[in-house]
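Participant: Sequence:
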Amino acid sequence: MTVSTSSYRRGAALPSSNPFQRLAGLLGEDAPGLPPITLTIGEPQHAIPNFTADVLNAAMADFRRYPPINGTPEFRDTIADWLEKRYNIPGMIDRTHGVLPLNGSREGLSFGAIAARDQLGKDVEHPVVILPNPFYQTYAAAAHIADAEAVLLDARPGENFLPDINSLPQDLLDRTVAFYVASPTNPEGSVAGLDYWTRLIDLARKHNFFIFADECYSEIYRTSPPPGILEAAKTIGTGFSNIIVLNSLSKRSNLAGLRCGFAAGDPEFLSRWVKFRGLAAPQVPLPAQAVAVHAYRDENHVIENRRLYNEKYEAAEKHLSPILGPVTTEGGFFLWLNIAPWGSGEHVTQRLWGDVGLKVLPGSYLASNQSDGSNPGRDYIRVGLVAPIDHTETALERLAKWLGDNA
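full-length UniProt numbering puts the last residue of the sequence shown at 407; the count rises by one with no breaks.
The set of hints was computed from the structure by calculation and includes no laboratory data.
Built from N, CA and C at the ideal position, the CB exists for glycine as well.
Be aware that a few hints might be false.
[Said to hold, decoys possible] Straight-line C-alpha distance at most 27 Å; calculated DSS-like pairs for lysine-lysine:
| no. | residue 1 | residue 2 |
| --- | --- | --- |
| 1 | 401 | 359 |
| 2 | 234 | 206 |
| 3 | 275 | 122 |
| 4 | 85 | 234 |
| 5 | 318 | 359 |
| 6 | 122 | 206 |
| 7 | 318 | 401 |
[Said to hold, decoys possible] Each pair of labels, with its calculated beta carbon distance range:
| no. | residue 1 | residue 2 | range |
| --- | --- | --- | --- |
| 8 | 18 | 371 | 19 to 25 Å |
| 9 | 51 | 275 | 29 to 35 Å |
| 10 | 355 | 124 | 48 to 54 Å |
| 11 | 119 | 24 | 36 to 42 Å |
| 12 | 54 | 119 | 39 to 45 Å |
| 13 | 62 | 235 | 38 to 44 Å |
Using the sequences and the hints given, assemble the complete structure.
Facilitator: Printed below as a string of structure tokens:
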């Protein structure tokens, strides 16, 4: 395990550009070798649920109203119902204090660390926020906003691309206020098992920090539903203290533009957080909450969404596995491809654009360099499978041919 505090420290500035700005700088003004196909971002392109427009139209007048910061009772009940059924935790969600609507999960991920720091009130000079490496850039922003020291834990294949939590120093854990972890992971698509979640919960309660479990890809999986942290908490049998799970409609229902998600779990934390959010955060519009209620009560569109992604993974396996070996991930909608024999992720990204018009993302742009100069994403590229199947097939054919021609 590598623990690094070299990339983000208390009060340090964030990187001057996000991964996509860095990619634009890498590719510059060079023309692509073939008509371009973009495989970089995780913006769903499947159809939105067919009831969306009707629900919005019926709730249109509610755009006049200021929504309650803690959401409508119907929203909270629906989320609680969905969580209890999805994770087999009947009756465990506090429907008054255990669910909060968010303007997409990013809002909660961004500002949760502030609430964790303030609520814990740890008397330490440098509070710590732990995040995986590679990581969703919002986690680093959360540490920065909370004026905390970000500690990056390398996520590597030998550990199923999950942060290694077995050997963290005790003094570090004592300073920790928030631990960010995703399952399925982004970009690798790995899934945390119940044992992993249980060990992390035990650490959080022993050292008194909050876990922010990013489960936004929970419904995009190949065969088996990924277990969740609330499910793991049930096996321990002591409630949801120190646990906040975040999810949204962006991936599950292809409604990224609706900006509607939720936080659920520790009712004491959430009941305090809602007071802060009542002063500082925007409410979720009532029509958006109405769509969420319908979306979380309907699984048919989710099943079809998952089928479409799995169809594209089958295509990826067909085209790429003869060259790279198995490429299918447990969850999510990205390929995380080790292309070390062809060069670094940056080098391969430039070549794919210039030679065959494929725009992918270097893995190193989703990770941070460690103090020894290593980067766990350097040998990888991330390939998004969000485009329609015909575009995806064309892209995979080009990628496979390029890899074969340049082997």
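Participant: Against this structure, judge whether each hint is valid.
Facilitator: Hints, verified against the model:
1. Only pairs whose Cα atoms come within 27 Å are accepted, and residue 401 paired with residue 359 is accepted, the gap being roughly 15 Å.
2. Restraint check for residue 234 and residue 206: satisfied, since their Cα atoms lie roughly 18 Å apart, inside the 27 Å limit.
3. For the suggested pair residue 275 and residue 122, the alpha carbons sit about 20 Å apart, so the restraint of at most 27 Å is met.
4. Restraint check for residue 85 and residue 234: the C-alpha separation of about 13 Å stays at or below 27 Å, so the hint holds.
5. Under the criterion of a C-alpha separation no larger than 27 Å, the hint pairing residue 318 with residue 359 is consistent with the structure, at around 21 Å.
6. In summary, the hint linking residue 122 to residue 206 is supported, as the alpha carbons are separated by about 14 Å, within the 27 Å threshold.
7. For a cut-off of 27 Å, the pair hint linking residue 318 to residue 401 stands: about 13 Å separates their Cα positions.
8. Between residue 18 and residue 371 the beta carbon distance is about 23 Å. The supplied range of 19 to 25 Å therefore holds.
9. One distance hint, 29 to 35 Å for the beta-carbon pair residue 51 and residue 275, holds here, with the actual separation near 34 Å.
10. With their beta carbons about 51 Å apart, residue 355 and residue 124 fall inside the hinted range of 48 to 54 Å.
11. For the pair residue 119 and residue 24, the beta carbons lie near 39 Å from each other, so the given range of 36 to 42 Å is met.
12. For residue 54 and residue 119, the Cβ-Cβ distance of about 41 Å falls inside the hinted range of 39 to 45 Å, so the restraint holds.
13. The beta-carbon spacing between residue 62 and residue 235, approximately 40 Å, falls within the hinted interval of 38 to 44 Å.
Violated hints are absent here; each numbered hint is respected by the structure.
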